[in-house]
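Student: Taking the hints into account, I'd like the entire structure generated from these sequences.
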Amino acid sequence: MSLVSVLAYINARISCDKINPFWYDLKKLSAKQLGYKSGKTIVVIIFYYFRLKSINQSINQSINQSKMKKQIFLYFTALLFTSTISGQEIKDFFSTLAKNDLFYGSVLVSKSGENTFSNFYGYSNIDKKEKINEKSQFPIASVSKTFTAVAILQLKQKGKLNIDDAVQKYLLNFPYPNVSIRHLISNTSGLGQEYHLFDKEIKENPERIFSNEDIIPALIDNKVPLSFAPGDKWEYNNVNFCLAALIVEKIARISFGDYMLKNVFIPAKMKDSFLPKNRKLKEPNQVELYTYPNFYSTDVVNVQTLKETFLIYEKSNFYGGGSIVSTALDLHKYQKALFSYQLLGKKELEEALTPTKLNNGKIASYRFDEKEIAYGLGWQIYTNDTNEKIVFHDGLITGLTSILMHNITKNNTVILLSNTANPVFVTANEVLKLIEKKPYKMPIQNLSRVYGSLLESGNKEKANQLIEEYLKNPDTY
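The numbers in the numbering used here rise by one with no breaks, and the one at position 264 of the sequence shown is 264.
Calculated directly from the structure, the hints in this document are not laboratory data.
Quick caveat, the model's predicted, so the values are computed rather than measured.
All C-beta atoms in this analysis are idealised placements derived from N, C-alpha and C, irrespective of residue type, glycine included.
Wrong hints could be hidden among the right ones.
[Claimed, not checked] Listed below are the simulated BS3-like cross-link pairs for lysine-lysine, each with C-alpha atoms no more than 27 Å apart in a straight line:
| id | residue 1 | residue 2 |
| --- | --- | --- |
| 1 | LYS233 | LYS135 |
| 2 | LYS433 | LYS99 |
| 3 | LYS160 | LYS262 |
| 4 | LYS129 | LYS91 |
| 5 | LYS91 | LYS233 |
| 6 | LYS346 | LYS410 |
| 7 | LYS111 | LYS389 |
| 8 | LYS223 | LYS233 |
| 9 | LYS111 | LYS437 |
| 10 | LYS169 | LYS233 |
| 11 | LYS158 | LYS346 |
| 12 | LYS158 | LYS357 |
| 13 | LYS223 | LYS169 |
| 14 | LYS333 | LYS158 |
| 15 | LYS128 | LYS91 |
| 16 | LYS410 | LYS333 |
| 17 | LYS277 | LYS262 |
| 18 | LYS371 | LYS437 |
| 19 | LYS371 | LYS441 |
| 20 | LYS250 | LYS347 |
| 21 | LYS269 | LYS336 |
| 22 | LYS131 | LYS282 |
| 23 | LYS307 | LYS280 |
| 24 | LYS371 | LYS357 |
| 25 | LYS357 | LYS135 |
| 26 | LYS233 | LYS333 |
| 27 | LYS233 | LYS347 |
| 28 | LYS91 | LYS158 |
| 29 | LYS346 | LYS357 |
| 30 | LYS336 | LYS135 |
| 31 | LYS336 | LYS437 |
[Claimed, not checked] Ranges of calculated distance between the beta carbons of each label pair, as one might list FRET restraints:
| id | residue 1 | residue 2 | range |
| --- | --- | --- | --- |
| 32 | LEU306 | LYS128 | 15 to 21 Å |
| 33 | THR398 | LYS357 | 32 to 38 Å |
| 34 | GLU130 | LYS160 | 42 to 48 Å |
| 35 | LYS131 | LEU281 | 21 to 27 Å |
| 36 | ASP127 | ASP232 | 22 to 28 Å |
| 37 | LEU172 | MET442 | 50 to 56 Å |
Tutor: Structure, rendered in structure tokens:
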């Protein structure tokens, strides 16, 4: 039903004093014809209805009734326009991105805590022509780190650990006495990376699949030194969170997957989320992952047809730093439960969202997209141009990008899951600006990809024209 039709319908019903049918019909309109998934809009509409009805009864009976109905109609016009315009703008935004091959996947946008927009673009399986839908499950990659930090802070809240405890207190064979749990979940430990940690073992036993329990023996066997003194620097490292997950298992005496289920997924009502025991075995609703084989390709290929850059990713089932599988809707449930203190107390959540200080007193941070981004405990943090606090974590594996971004000040959230590895950080930032009625920029196409594809197809003339157009208007690409 169009907006005009809805307004005409409401205008006609306002003259009727049958409150219950009016409520019922508006509820049907809201849920089915307007596409709202929450009752917020209907509650506001009914509020205004009763308020205006009260006004109508209290004023002089000589007031022209048609004039009053016109005023009421204008109230509803403004109300519905405010409720729908943001959703339409977001829809147009992502439709343009999909048209230009800049986003395929699952989107959920929440304004003031309410689901404002949810949609899906592209295929979960291109070969089978199966489209992405609300049940499509994605690996969320490093967004999983926020879950691991939550688990550690839950145990702290229960008095089971102190995050400044040495890792050796819980993992007895850990060879670095000065590394604490805080160092792990703030990425300030100085531990070696996992990329080549198992090269020797893989060569000797190519069929072996490695897990978290193999990390400490590998660090010992390879005599891997710390890259820097714990707390001196910040360096992104999956190993930190894999070890943190082992600590959770050690204290809770259950598997990390079972801990997540009991203490996060069930309390947050995340019915479509899980930690796979074997990443190679997919559930029926899990999406296939796709990527471009080179920088100028215009067609994606299934990642299973490509060779992994780092062999360890093919030979491991690490968890804690990644591996959780979820949906956009479930991640929104997680965000709402977390920020309403259902998963953590206020003190622990604030600690997670406070920038980490290094030994020299400086904030642990890095620069990206002209922003100074700090790292807390499993969360990344920055302040936008209007001094609002934004927290997020993104993730990236071959064929997959993910982000959960939350404006704490405005209670607005953007969740993006892409199974074609489209850039998500810049896109999420621009969507936050859009729903907050701030100037925003539409993400633009990759010049090298378009230019390279023209050359590959033998269209040299068009490729040259493209460069000329770019030189005249660099903002186009």
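Student: Each hint should be assessed against the structure and marked as holding or not.
Tutor: Do the hints match the structure? See the list:
no.: 1; hint: LYS233 to LYS135; result: violated (40 Å)
no.: 2; hint: LYS433 to LYS99; result: holds (21 Å)
no.: 3; hint: LYS160 to LYS262; result: holds (17 Å)
no.: 4; hint: LYS129 to LYS91; result: holds (22 Å)
no.: 5; hint: LYS91 to LYS233; result: violated (41 Å)
no.: 6; hint: LYS346 to LYS410; result: holds (18 Å)
no.: 7; hint: LYS111 to LYS389; result: holds (15 Å)
no.: 8; hint: LYS223 to LYS233; result: holds (21 Å)
no.: 9; hint: LYS111 to LYS437; result: holds (12 Å)
no.: 10; hint: LYS169 to LYS233; result: holds (23 Å)
no.: 11; hint: LYS158 to LYS346; result: holds (14 Å)
no.: 12; hint: LYS158 to LYS357; result: holds (25 Å)
no.: 13; hint: LYS223 to LYS169; result: holds (20 Å)
no.: 14; hint: LYS333 to LYS158; result: holds (23 Å)
no.: 15; hint: LYS128 to LYS91; result: holds (26 Å)
no.: 16; hint: LYS410 to LYS333; result: holds (17 Å)
no.: 17; hint: LYS277 to LYS262; result: holds (16 Å)
no.: 18; hint: LYS371 to LYS437; result: holds (20 Å)
no.: 19; hint: LYS371 to LYS441; result: holds (16 Å)
no.: 20; hint: LYS250 to LYS347; result: holds (24 Å)
no.: 21; hint: LYS269 to LYS336; result: holds (11 Å)
no.: 22; hint: LYS131 to LYS282; result: holds (17 Å)
no.: 23; hint: LYS307 to LYS280; result: holds (15 Å)
no.: 24; hint: LYS371 to LYS357; result: holds (18 Å)
no.: 25; hint: LYS357 to LYS135; result: violated (40 Å)
no.: 26; hint: LYS233 to LYS333; result: violated (34 Å)
no.: 27; hint: LYS233 to LYS347; result: holds (25 Å)
no.: 28; hint: LYS91 to LYS158; result: violated (43 Å)
no.: 29; hint: LYS346 to LYS357; result: holds (20 Å)
no.: 30; hint: LYS336 to LYS135; result: holds (19 Å)
no.: 31; hint: LYS336 to LYS437; result: holds (23 Å)
no.: 32; hint: LEU306 to LYS128: 15 to 21 Å; result: holds (20 Å)
no.: 33; hint: THR398 to LYS357: 32 to 38 Å; result: holds (34 Å)
no.: 34; hint: GLU130 to LYS160: 42 to 48 Å; result: holds (43 Å)
no.: 35; hint: LYS131 to LEU281: 21 to 27 Å; result: holds (23 Å)
no.: 36; hint: ASP127 to ASP232: 22 to 28 Å; result: violated (49 Å)
no.: 37; hint: LEU172 to MET442: 50 to 56 Å; result: holds (54 Å)
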